[in-house]
Amino acid sequence: MVCTKMAKEDFYKLLNVEKNASDAEIKKSYRKMAMKYHPDRNKEKPEAAEKKFKQIKEAYEILSDAQKRSAYDQFGHAGVDNSAGGGGPGGFGGFGGGAEGFGDIFSDIFGGGGGGGRQRSHVQGGADLRYNLDLSLEDAVGGTEVKIKVPVLTGCGECKGSGAKKGSKPVTCSTCQGHGQVRMQQGFFSVQQACPTCHGTGQQIKDPCRKCHGEGRVQETKTLSVKVPEGVDTGDRIRLSGEGEAGAHGGPSGDLYVQVQVKKHAIFTRDGANLYCEVPIGFPAACLGGELEVPTLTGKVKLKIPAETQTGKLFRLRGKGVKPVRGRVVGDLMCRVQIETPVNLTKEQKALIEQFRESLSASSKKHSPQEESWVSGVKSFFDKLTG
Numbered sequence: 422m423v424c425t426k427m428a429k430e431d432f433y434k435l436l437n438v439e440k441n442a443s444d445a446e447i448k449k450s451y452r453k454m455a456m457k458y459h460p461d462r463n464k465e466k467p468e469a470a471e472k473k474f475k476q477i478k479e480a481y482e483i484l485s486d487a488q489k490r491s492a493y494d495q496f497g498h499a500g501v502d503n504s505a506g507g508g509g510p511g512g513f514g515g516f517g518g519g520a521e522g523f524g525d526i527f528s529d530i531f532g533g534g535g536g537g538g539r540q541r542s543h544v545q546g547g548a549d550l551r552y553n554l555d556l557s558l559e560d561a562v563g564g565t566e567v568k569i570k571v572p573v574l575t576g577c578g579e580c581k582g583s584g585a586k587k588g589s590k591p592v593t594c595s596t597c598q599g600h601g602q603v604r605m606q607q608g609f610f611s612v613q614q615a616c617p618t619c620h621g622t623g624q625q626i627k628d629p630c631r632k633c634h635g636e637g638r639v640q641e642t643k644t645l646s647v648k649v650p651e652g653v654d655t656g657d658r659i660r661l662s663g664e665g666e667a668g669a670h671g672g673p674s675g676d677l678y679v680q681v682q683v684k685k686h687a688i689f690t691r692d693g694a695n696l697y698c699e700v701p702i703g704f705p706a707a708c709l710g711g712e713l714e715v716p717t718l719t720g721k722v723k724l725k726i727p728a729e730t731q732t733g734k735l736f737r738l739r740g741k742g743v744k745p746v747r748g749r750v751v752g753d754l755m756c757r758v759q760i761e762t763p764v765n766l767t768k769e770q771k772a773l774i775e776q777f778r779e780s781l782s783a784s785s786k787k788h789s790p791q792e793e794s795w796v797s798g799v800k801s802f803f804d805k806l807t808g
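Residue 424 in this note's numbering sits at position 3 of the sequence shown; the count goes up by one each step and never skips.
By construction, these hints were calculated from the structure, which means they are not laboratory data.
Any given hint could be a false lead.
As the list claims (entries may be wrong) - Straight-line alpha carbon distances no greater than 30 Å define the calculated DSSO-like cross-link-like pairs of lysine-lysine that follow:
1. Lys744 / Lys568
2. Lys429 / Lys449
3. Lys434 / Lys448
4. Lys464 / Lys568
5. Lys478 / Lys489
6. Lys648 / Lys429
7. Lys464 / Lys449
8. Lys581 / Lys643
9. Lys721 / Lys787
10. Lys721 / Lys744
11. Lys587 / Lys568
12. Lys478 / Lys466
13. Lys475 / Lys429
14. Lys648 / Lys473
15. Lys587 / Lys627
16. Lys568 / Lys632
17. Lys489 / Lys457
Modelling step: build the complete structure from the supplied sequences, incorporating the hints.
Next up, the structure:
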C-alpha cells in the first residue's frame, strides 16, 4: 500500500474569493466561511469541520496581512511557510545602501524581520499521509480492529532526529551565518535565496549520523492498529494523529488518514443506512404464496410471500440494515423478488403447464393484467404510426 502526501489548498479558493479581492471582501468571506465550518456548528462531522476551519483561519491570517499576501502572491505557500523564514542583513556581495533596503523587503517576505540578525529555525513539521483501507461489508457495518503496515519516514532513533552523530550537534552555517538565506548582487538589484550550503536550515552537520546520514529521518515500515467504528462507508476517513511523516530535524510528525473503501458484497448492496438484496423465488411460490428464509448480516429471518406476487416486488425488513457511523437510526433490509422460470422440464411437467395455459385462456377472468395492458399499448402505438 502506497501512502501519499497531502498538498495544501490555494488560500484564495479556501476563502472563495478572487486574487484581486479587496480586504473588505476577504474579511466578509472569511466570516461567512468560518461560521459555516466552525466545529460547534458541525456536530455530525467534527473532525472534517475542524480541519477545514483551521485551513480557512490560516488563509485569512495570510491574506489579511498586506506583506504576507504579497509574499504569497509571489512565491505561493513557500513564501509564507513558517519553516521558510529567514535571514537578516548579511554582507554577501558588498552592496550599498539602496540594495540593502531592497534586500530588507525579501527578509520580511521570508520572515526575517530585516536587520535583526535572528537565526531561523531549521525544524519542519512532517507531511500528512493517506492509507487506503479495503474492508468487507461485514467489518464496515459491525466495526472491527485491523493491523496495517505503513511505509513512512520516522525520526532517527540514533540521533533523536538531529541528523548529527551521537555526542555532537549541528553548528551554525558558515556561509549564511545561520540566517538560511544569502543575497546575490546583480547591478542595482539584489535577490535573496536559500543558502546553497545549508539549503535554508541555517545549520550545518559537520559529523552526520551514520544511520540516517544527516537527514534526521529514516524509512521504516510501521505496524499500526486501526479501530474501525460501526457503520463506516466508502469515503469515510479515520485520522491517526502523529502517525504521518516525521518532521525534519526533530519537527512534529504529520497525521495519517486512513481512507475507507468497502468491497463489493456477493449478496448485499448498500445505499446509506439501507441494504438491498435480490431474492429469487419459484413460480409456484409466486402464484400460491409461501414462506422462505432470507439472509441478513446478523442471521436468517423468515419472509412471507403473499399469493400472486409479481417480479420486482420490494419487501422491507425493518431494522435489518446499517446503523450509520454518524446516526442513531438503523436502516432497513430491502428484499427485491425475482421470479424464476422453471428449467429442465420433463414431458409430463410440460404437459401440465400446457393444460394450465389452456385453462387460463378458457377463463373469463384476467390473469395477466400487466401483459394485456402492454399488448394494448403496443397495438395503440402501431395504429397511430399507420394512421
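Do the hints match the structure? See the list:
1. Distance hint between Lys744 and Lys568 is fulfilled; the C-alpha atoms sit about 24 Å from each other, no more than 30 Å.
2. Straight-line distance between C-alpha atoms of Lys429 and Lys449 comes to about 23 Å, which keeps the hinted pair within the 30 Å bound.
3. The straight-line distance between the Cα atoms of Lys434 and Lys448 is roughly 14 Å, inside the 30 Å bound, and the hint therefore holds.
4. The straight-line distance between the Cα atoms of Lys464 and Lys568 is roughly 29 Å, inside the 30 Å bound, and the hint therefore holds.
5. Annotation: proposed proximity of Lys478 to Lys489 holds, straight-line Cα distance about 14 Å (limit 30 Å).
6. A C-alpha spacing of about 27 Å is found between Lys648 and Lys429, which places the hinted pair at or below 30 Å, so the restraint holds.
7. A hinted pair counts as satisfied when its Cα atoms are at most 30 Å apart, and Lys464 with Lys449 qualifies at roughly 24 Å.
8. With a C-alpha separation of about 18 Å, the suggested pairing of Lys581 with Lys643 holds against the 30 Å cut-off.
9. With a C-alpha separation of about 37 Å, the suggested pair Lys721 and Lys787 falls outside the 30 Å cut-off, and the hint is violated.
10. Distance hint between Lys721 and Lys744 is fulfilled; the C-alpha atoms sit about 19 Å from each other, no more than 30 Å.
11. At most 30 Å may separate the alpha-carbon atoms for a hinted pair to count; Lys587 and Lys568 exceed this at roughly 33 Å.
12. Restraint check for Lys478 and Lys466: the C-alpha separation of about 18 Å stays at or below 30 Å, so the hint holds.
13. This hinted pair checks out: Lys475 and Lys429 have alpha carbons roughly 12 Å apart, not beyond 30 Å.
14. For the given pair, Lys648 sits about 24 Å from Lys473 by alpha-carbon distance, which is consistent with the 30 Å threshold.
15. At most 30 Å may separate the alpha-carbon atoms for a hinted pair to count; Lys587 and Lys627 meet this at roughly 12 Å.
16. Distance restraint check for Lys568 and Lys632: the Cα-Cα separation of roughly 27 Å lies within the 30 Å cut-off, and the hinted pair is therefore satisfied.
17. Between Lys489 and Lys457 the CA atoms are separated by roughly 25 Å; this keeps the pair inside 30 Å, and the hint holds.
Violated hints for the displayed structure, listed by number in ascending order: 9, 11.
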